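Participant: As given, the protein sequences belong to chains Z and W, one line each in that order. First residue of the first sequence: 10, per the working numbering; consecutive thereafter. First residue of the second sequence: 279, per the working numbering; consecutive thereafter.
Calculated from the structure, these hints are not laboratory results. These numbers come from a predicted model, not from an experiment. Watch out, some of these pointers could steer you wrong.
To be verified - Lysine-lysine pairs mimicking PhoX-like chemistry, simulated, CA-CA at most 25 angstroms apart:
#1 K107/Z - K333/W
#2 K460/W - K307/W
#3 K25/Z - K406/W
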Amino acid sequence: MTDFLPILYRELIIYKKRLFKLSYVLSALISPLIYLAVFGFGLGENLTVTGTNYITFLLPGLIAMTSMTNSYIWIANGLNIDRLYFKTFQLLVQAPIKPIAILMGIITAGIIRGLFASSLIISVGLLCCTSFSPNGIFWLGLLLNCFMFSTLGVIIGMITKSHEETAIYSNFLMVPMAFFSGTFFPLEKLPFFVKPLIYALPLTYSTILIRKSQWDRVTLLSLFITIGFSLMFLFLALRLIKNYRE
Amino acid sequence: MVISIETKGVWKSYGPVWAVKDLNLEVRKGEIFGLLGPNGAGKTTALKILTFLTKPDRGSCKIEGLDIWKYPLVVKSRISVIPQEINLDKELTAYENLLIYCMLHKIRDKKHKIEEALRFVGLWEYRKEEVRKFSLGMQKRLLLARSFLNDPSVIFLDEPTTGLDPHIRREIWTFIKKAKDKGKTILLTTHYIEEAEYLCDRVAIMNKGEIIACGTPQELKNQVGLWVLESINDTGFEYEFFKTREEALLKAREKEGPVTIRRSNLEDIFIRLTGEKID
Numbered sequence: 010m011t012d013f014l015p016i017l018y019r020e021l022i023i024y025k026k027r028l029f030k031l032s033y034v035l036s037a038l039i040s041p042l043i044y045l046a047v048f049g050f051g052l053g054e055n056l057t058v059t060g061t062n063y064i065t066f067l068l069p070g071l072i073a074m075t076s077m078t079n080s081y082i083w084i085a086n087g088l089n090i091d092r093l094y095f096k097t098f099q100l101l102v103q104a105p106i107k108p109i110a111i112l113m114g115i116i117t118a119g120i121i122r123g124l125f126a127s128s129l130i131i132s133v134g135l136l137c138c139t140s141f142s143p144n145g146i147f148w149l150g151l152l153l154n155c156f157m158f159s160t161l162g163v164i165i166g167m168i169t170k171s172h173e174e175t176a177i178y179s180n181f182l183m184v185p186m187a188f189f190s191g192t193f194f195p196l197e198k199l200p201f202f203v204k205p206l207i208y209a210l211p212l213t214y215s216t217i218l219i220r221k222s223q224w225d226r227v228t229l230l231s232l233f234i235t236i237g238f239s240l241m242f243l244f245l246a247l248r249l250i251k252n253y254r255e
Numbered sequence: 279m280v281i282s283i284e285t286k287g288v289w290k291s292y293g294p295v296w297a298v299k300d301l302n303l304e305v306r307k308g309e310i311f312g313l314l315g316p317n318g319a320g321k322t323t324a325l326k327i328l329t330f331l332t333k334p335d336r337g338s339c340k341i342e343g344l345d346i347w348k349y350p351l352v353v354k355s356r357i358s359v360i361p362q363e364i365n366l367d368k369e370l371t372a373y374e375n376l377l378i379y380c381m382l383h384k385i386r387d388k389k390h391k392i393e394e395a396l397r398f399v400g401l402w403e404y405r406k407e408e409v410r411k412f413s414l415g416m417q418k419r420l421l422l423a424r425s426f427l428n429d430p431s432v433i434f435l436d437e438p439t440t441g442l443d444p445h446i447r448r449e450i451w452t453f454i455k456k457a458k459d460k461g462k463t464i465l466l467t468t469h470y471i472e473e474a475e476y477l478c479d480r481v482a483i484m485n486k487g488e489i490i491a492c493g494t495p496q497e498l499k500n501q502v503g504l505w506v507l508e509s510i511n512d513t514g515f516e517y518e519f520f521k522t523r524e525e526a527l528l529k530a531r532e533k534e535g536p537v538t539i540r541r542s543n544l545e546d547i548f549i550r551l552t553g554e555k556i557d
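Required output: the full structure, derived from the provided sequences and hints.
Facilitator: This is how it looks when you write it as structure tokens:
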């Protein structure tokens, strides 16, 4: 049960060392704050979306986006580099621990990274937006979002054959998902022909979950779909680690 | 005679290319066994199969009598691997690298074991330094230190001294010899003739995925002849093998142009068997 701890420990030491580097802070934490400043504080007071002011609408979306990006990117890039360049992943494969322990160690590290990056936006939201009050559904959605995208990060980190290939997934899958899954505008406003595509994206459902204030049919459906995506990614990621071959 | 590592009929292909063909090995407990051959001979693939980085298409592998695919966790706890590429976390300190390895292998008395290992390779004073600041030689020594932590019965080394200066190479050889003195079984791959001759009790020469000769360096040399007459003809170098120096001298008198008579080495065996040079 505790076999994942060495992997988590390793990831956290590396994270701690990188945390205070300017490049990390800029890429991981500052950019969502810029979105918040430009769209939220710039338009927030004058714009009403789904019956609430824009900043209250935007904040949960930005938190979903930040947690997704930080959980996913660090895992996908890190795993890819560890596997192909530094070869430190091989050390885990050769250690007397089960593949599930390797996976859980990496995923837990991704969740922590996602939660940490989100905490900054949450703090700003709590300070600057009086109507922003995270509830139980919010925290559940956030946790599931981090879990789901850490696991997806493992899949991408395992299947890509170069660092450039990982970047392609980031640019052509994650970036559009970040913008079109209801982060900046309500899904109802989208043209009907793009809706099937949007509703095929996992971030769409976790964003709905993070934004919801009460349990209803849509909340439950989003929860089940998010769990479904998470389990599917978990199964695939475990298979990839179990069947790792060079 | 106890067998530590055993492979039977192991085949491995990458697409249409057979990297390993019918590999049958028996490495005795406590010996240094070398897989010698040119690049692409299948040495590293053989090592990857034995160290869980790839699976053979067919055949069986046993370490200490255990089928490695049936009992992976037990086998993994009894082996150590020193890869060709330095797989240390460069951002972490030497101590942190070893600590994580200890945690992965559930090693008790971590502090003591790490200190012992770092002192053994002369890196205790550098334990708080980040590995990226280490020279290549220091990083190789740290890999060696790490490989001793779980007190393995079998150590696998893939090209342990490739790219190292001659004096660092000698230093690494000393540590490998010390590991043998501690009773470890060592399987190493190399394409350095000198390394195989100096370190290995027995050697298997590989070419194009197959073992083409196996035995002690002396046995192998005896098979082809202890003396070599090297001469130049129209097509390049020509090598002829003789049991005694006198026989080689006699033949040399028949030659026109410069000739060299010298003791044979493992590369000569490779040349004799394949008609090619190792490098």
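Participant: In ascending order, which of the hints set out earlier in this document are inconsistent with the structure?
Facilitator: none
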